[in-house]
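Chain order of the listed sequences is A and B.
Take 15 as the starting number for the first sequence in the working numbering and just add one per residue.
Take 2 as the starting number for the second sequence in the working numbering and just add one per residue.
Mixed in with the good hints there might be a few duds.
Below, simulated DSS-like cross-link-like pairs (lysine-lysine); rule was C-alpha separation at most 27 Å, straight line [claimed, not checked]:
1) A:K31 / B:K68
2) A:K291 / B:K21
3) B:K146 / A:K35
4) B:K229 / A:K291
5) B:K194 / B:K55
6) A:K61 / B:K194
Derived contacts from chain B toward chain A, CB cut-off under 8 Å, selection only [claimed, not checked]:
7) E71
8) A78
9) P190
10) S228
Keep in mind the hints are simulated off the structure, nothing from the lab.
A quick note: this is a predicted structure, and the numbers were derived from the prediction, not measured.
Yeah, the Cβ is synthetic: ideal placement off N, Cα and C, and Gly gets one too.
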Amino acid sequence: MEFNLSEEQNLLIDTTKSFVKAELLQHEELLEKTNNLPKELYDEIKKKSIEAGLYACNMPTEHGGGGLNAFDLTLVEKHLGFASLALAEIAWRPQNILMACEGELVNEYLKPTITGERKDCIAMTEPGAGSDLRGMKTKAVKDDNDWIINGTKHFISNAHISDFVVLFASTGEDDKGRNLLSCFLVDLKQKGVEVAKGYDCVSHRGYVNNILHFNDCRIPARNILGEKDKGFELMNVWLEATRLTVAATSVSRAERAFDIALDWSANRKQFGKVIGKFQGVSFKLADMATEIKLGNLMLMESAWKIDQKTLTSQDAAMTKLFCTEMLSRVSDEAIQICGGMGLMADIPLERIWRDARIERIWEGTSEIQRHIISRSLLRPLGA
Amino acid sequence: MKILVTVKRVIDYNVQIRVKSDQSGVETDNVKMSMNPPDENAVEEALRIKEAGKADEIIILSIGEEKSQETIRTALAMGADRGIYVKASNDTEPLGVAKIIEKIVDKEKPQLILMGKQAIDDDSNQTGQMVSAKLNWTQATFASKIEIDGDNIKVTREIDEGLETIKMPLPIVATCDLRLNEPRYASLPNIMKAKKKPIESLSAEELGIDITPRLKQLKVIEPPKRSKGIMVADVAELVQKLKNEAKVI
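Same shape as in the complex, but just chain A (with noise of 0.2 Å):
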């Protein structure tokens, strides 16, 4: 058991730390008061992120990325997480499904968005598909050498940005009728695509989301992702990784707001001393105190669990239900502590509070999670 980080860890942590300070935390401001980031600020950050080596540092490096581990990327997605999401995702990393790319598909997905030339987004969810992913009505039909895909999807992350979408449809059914699913990588500037504008979201500002309407598009054969009914088995290989960064960054945001409650409570003076001397006060900092703690280790062990590669699907389930569910509590308590002025847009801490309402929903509810936690408990019981 090793609970110390190596030189390389803490030099990891430094330059991402760096790299938020000096490119990305003083356009927060504009991106809460315009709802919008520029394509010139995209651009611009983009391209120190890549010479940073941030861009793409979870692909592997034989394909030009970064090829940290799971533990070090955790590290680095932590600290890019203390930004406001819009600018932290510039220094993006692709989709790590794109690893099951092959043949053709590498040098024409997976090699080009690790070099930023192109860039992926993903679609699961649909307008009556959430959380009951299976209900998915888009369809992929196999018509000679192509996939002929009809359907919405919707809440896709900034997808009026990227190039390509990997895309979850239902391709058949199995004998019991259950709808089974397919990945496919899809251009989004073909026909049969339209990419319209999403919705206005209480968190994340200048984050975009879209609606996706595929009409008769028709793709290659090729453009298949694994093997076609086996989207499932994909994504619990792939995606159980993307609930720690959900994690993290929720790590690094309570962490954020103490900092903030903290620092409140050593200076605000009222009835002639510093409210951090009032037990109200001091023993919620000791209760925010620890569960960042707990977050931090539960975060730390998964993290270290995928590399060992004995990371469950339970655990990761655990770690990103309790470091979101903490998230919202810390946000919380640190607006409490500040009183008037944690409402205020002066200090990010409204800002950090509406942004944790996201995390306890995205990349599977809090409810999601609890199934799969008691669902785990009880399988093995029979029941």
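Based on the hints, put chain B in the right spot on chain A.
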């Protein structure tokens, strides 16, 4: 040309310094340490000189306790070529440090030594000047601009009267000001490469140098708390108070 850059491991500039209760020094346990900020400027300047094709090798030297090697590693991750670590007590005085640097210079024969203008822990601002004296090299302190021109070097210095530009032949010792440049952060690929770059380990005894402190530190205390300001009604009152109470005019 070889450039020798010295770096010191100090308490991070963001840390709020606390004096130990026994007044023997400041608290360093569980305190974040980093590279002395003006030393980062020195490393950055060396990298820029090398990138401009005017230097072949950048050697990083750090003197102190074991963990100083981490500071060398940081400089290697920024892009420097190799490191030399000299084991010594963290309390080694500027003269002791200057003697060690003199030995390393004898061995490595650099043409340019870049140092931070001072370390933010003891704020001595002496080592660069002492190195210059020991080596009998020209010194250019508080550099805010450095230009290499063949065998000569032009340094713009921050002085009380403004900026002074001096030109001199190499070799020289230059101490760097924070305004010299904006230090880069190590890129991920460079962090990975730094792992493989060599750090040579030496000690003051091996180099045959006596670095016994000449000074005795009696105690360390916190500066007095700043008293609360007052509002004055007009300029006349301000002048009167500056004259009679503050006694500064």
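Here is how each hint holds up against the structure:
Simply put, A:K31 and B:K68 have alpha-carbon atoms about 21 Å apart, close enough for the 27 Å limit, and the pair holds. With a CA separation close to 23 Å, the supplied pair A:K291 and B:K21 stays within the 27 Å bound. At most 27 Å may separate the alpha-carbon atoms for a hinted pair to count; B:K146 and A:K35 meet this at roughly 25 Å. Of the pairs offered as hints, the one joining B:K229 and A:K291 holds, with about 22 Å between alpha carbons and a cut-off of 27 Å not exceeded.
Note on B:K194 and B:K55: the hinted pairing holds, with a Cα-Cα distance of about 22 Å set against a maximum of 27 Å. For the proposed pair A:K61 and B:K194, the alpha carbon gap of about 21 Å is at most 27 Å, so the pair holds. Taking 8 Å as the C-beta cut-off, the interface hint given for B:E71 holds, the closest approach to chain A being about 5 Å. Hint on B:A78 holds. Least Cβ distance to chain A is approximately 5 Å, under the 8 Å limit.
Below 8 Å, beta-carbon pairs count as interface contacts, and B:P190 has one with chain A at about 5 Å; its hint therefore holds. Look at B:S228: its Cβ only gets to about 17 Å from chain A, farther than 8 Å, so that hint breaks.
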